[in-house]
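With chain A's structure known, arrange chain B on it following the hints.
So the sequence lines, in the order shown, correspond to chains A and B. When the letters of the first sequence are read in order and numbered with my numbering, they come out as residues -16 to 413. When the letters of the second sequence are read in order and numbered with my numbering, they come out as residues -16 to 413.
Hints listed in this document are in silico derivations from the structure and should not be mistaken for laboratory results. Hints should not be assumed to be uniformly reliable.
For chains that are exact copies, the list does not tell them apart, and a pair is met inside one copy or across any two.
Unchecked claim - Below, a list of computed lysine-lysine pairs in the DSS-like style, where the Cα atoms sit at most 27 Å apart:
#  : residue 1 : residue 2
1  : K102      : K67
2  : K13       : K162
3  : K258      : K232
4  : K160      : K365
5  : K162      : K381
6  : K365      : K162
7  : K13       : K77
8  : K77       : K67
9  : K13       : K381
10 : K67       : K13
11 : K178      : K67
There are 2 protein chains.
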Amino acid sequence: MSEKPSFTQIIAARNHQFTPQIMRVAEREKRDPQFILDRVASGRIVIPANINHHALDPMGIGRELMIKINANIGTSPISSDLEKELEKLAFAVKYGADTVMDLSTGSDIAAIRRAIIQKSSVPVGTVPIYETVARFGAENICRETILQVIAEQAEQGVDYMTIHAGLLAGHIDLALKRKLGIVSRGGSLIARHIKRNRCENPYYQYFDEILDICRRYDVTLSLGDGLRPGCLADASDAAQFAELDELGKLVRRCREAGVQAMVEGPGHVPYNEIKMNMERERERCDDAPFYILGPVVVDCAPGYDHITAAIGAAQGAFCGAAMLCYVTPMEHLGLPQSEDVRNGVIAFKIAAHAIDVARELPGVREVDDAISDARAAFDWEKQFSLALDPERARGFRKRAAGNCQNDSRYCTMCGKDFCSMRINAELTGK
Amino acid sequence: MSEKPSFTQIIAARNHQFTPQIMRVAEREKRDPQFILDRVASGRIVIPANINHHALDPMGIGRELMIKINANIGTSPISSDLEKELEKLAFAVKYGADTVMDLSTGSDIAAIRRAIIQKSSVPVGTVPIYETVARFGAENICRETILQVIAEQAEQGVDYMTIHAGLLAGHIDLALKRKLGIVSRGGSLIARHIKRNRCENPYYQYFDEILDICRRYDVTLSLGDGLRPGCLADASDAAQFAELDELGKLVRRCREAGVQAMVEGPGHVPYNEIKMNMERERERCDDAPFYILGPVVVDCAPGYDHITAAIGAAQGAFCGAAMLCYVTPMEHLGLPQSEDVRNGVIAFKIAAHAIDVARELPGVREVDDAISDARAAFDWEKQFSLALDPERARGFRKRAAGNCQNDSRYCTMCGKDFCSMRINAELTGK
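Next comes chain A alone, as it looks inside the complex (with noise of 0.2 Å):
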């Protein structure tokens, strides 16, 4: 139907071809390239890499390598401006998101995105129903509207894209039972459709014409979570596995068109469910990168829920997770500002950093034992110079040091006569 000759990074990689993004990637993660390559080519490892987006700077999601943050930006009907979004997109890359998606449900969604795509040396995501239902209305969702978006979005640039096809007919009374029935937005917008035409979800419909797509742009593919769990209650429930069993589906049949493929996963998890649900996704999805989003381990911390999030993110990435979805402090109360980004980024990269630091991956404590010997020498500046967020860390400690910064031995927690640091200085001679 449509031409097939096409490159993407899981062709290539069956054909033993380094490419210049594996090789990037294998740089990046200090690795082998044949390792990368290897995992590209089985699928277990992502390269989200538009053969449009030319600002990019690739690289790879995969269990195997470091725990990759993503970060949301994007305008609503009430809030859109380019400008503050840019401004977003710039503190998301400053403080260490690997990913961005653009959400933008506003008005001119295309022009922000090809703005946000032009300077991004990160993958750019989006979830194109969004455009679909802002551009021709939800009562429009149908073949045309559908495809029609994802081949712009995809000529525009956009490295993945999360499609609900795995929510299906059969599965929305399950979610219908719920205390917070179904929380994804583009799940919710799907199940309508379904519901009011009596159809089944036009994404899974149109599947192979998606794939075409994506497979012509080396789009990679996000299986999106629409029925994800919006709360503890709803979590891990029948609603939420009978999607995950036909994202495994999914999953098998865009490696068979070439097309890269990753999994979005909850949600709201009690902490001691991650580990099985991260295990079930391993084994359903045949090891398809896992995308979780938090998960949020408490419903009662609004906000707070970058908290309540990297707390179930570092459990999750420790248990399989690939990439982690951030939650800022406005989840379920607003969209976030810059400075909700920023805080946002911080929380999540600490989650991904502990637990390449509990994995050993090459090199990344390095900078956690140049800080500490930081510390041991009273180098306050060169302590933050090595921080996530050195700003932040040189602002509280000019707030906490007063008159005294001057004197770079003044400890400003235990002052002169209580700081172990100074005791340890005198009790090895240094």
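For chain B alone, coordinates are given in the frame of chain A:
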């Protein structure tokens, strides 16, 4: 040598006496009083309740109970103000601290502590060596000054005291080999005393006399980890574990003497070593409640250590810790102010609650289910009132909603057309 009549919770429990404190703990934990009494008798639960702390509402600490959190407050030589400390106390208790430690090292420590104990409904802990050094000077650490301070504090109503009696002369050289040596303030003061005077740790030497004082007032001993690791590179080393073995022996001496005891733990620990650390304490210290400081799981995030530590604390609690000492965003940078106390307490309350939920303790998830119901019903005010920090959640929503906040169905995250909660309501006909 001293009179040994003494009422302590452990002695009473062994005599099958259901003390008011045991009954109150059973009520708060929704457990059978016999369950509590048995574990107080065996030392697996402690109830820090000095007979002179009249404002106390008793609580229990043990890995089978709800996870508890402690907030450190207290002055330093450069910042000493009673009103500020009482404000920190109020913040700590308001946001959910289960105990507070007064770590004052400034002037007039006794007066500040007296005020804190009078005001505090939660157990108050101290580290007596701080007052010893602040009042008598580090060069005058000796039997008399140690026992005098402990006796005065006990008489004043301190519920638990950190005593670094497990740090022995033979351990010090092990610790000085490390990247960061000894980071515990108390530990470093004692190590220097031992080195300078070529003696044994006086808290170890006079431990029986300390036990006599504690038994008289029912002071719980918190056996301090003076050799806790201060960076990832130093974690789980010979120094740390040599001291832990000693703490295990001291636990047994406490129990034989009718004194309640818990054990303090690390510190900076890589995520993958947390479980082993929890299991080792349980084995070596005969299941004495483990009171852990964090643990901090990365070294490179000064300014965000409430998050690095909450991630470690959740994993620690999941693997058996009983109480979590909070860490504030000011850790490694300066003394916390009230707002830092708030951020630290909430971060740790999240970690503790997440693990209570994970362990499915009676009733603990009710608040999460209720807040989820409020979300589904667009009942923002109920959501805020159930939140761990209502003011912050309310403030964030106000910032996001702007002029639209009077429309309760106005979802500040998604606007109108993209709100999954509205779509759910439509699909279920609610």
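Numbered hints the structure breaks, given as an ascending list: 9, 10 and 11
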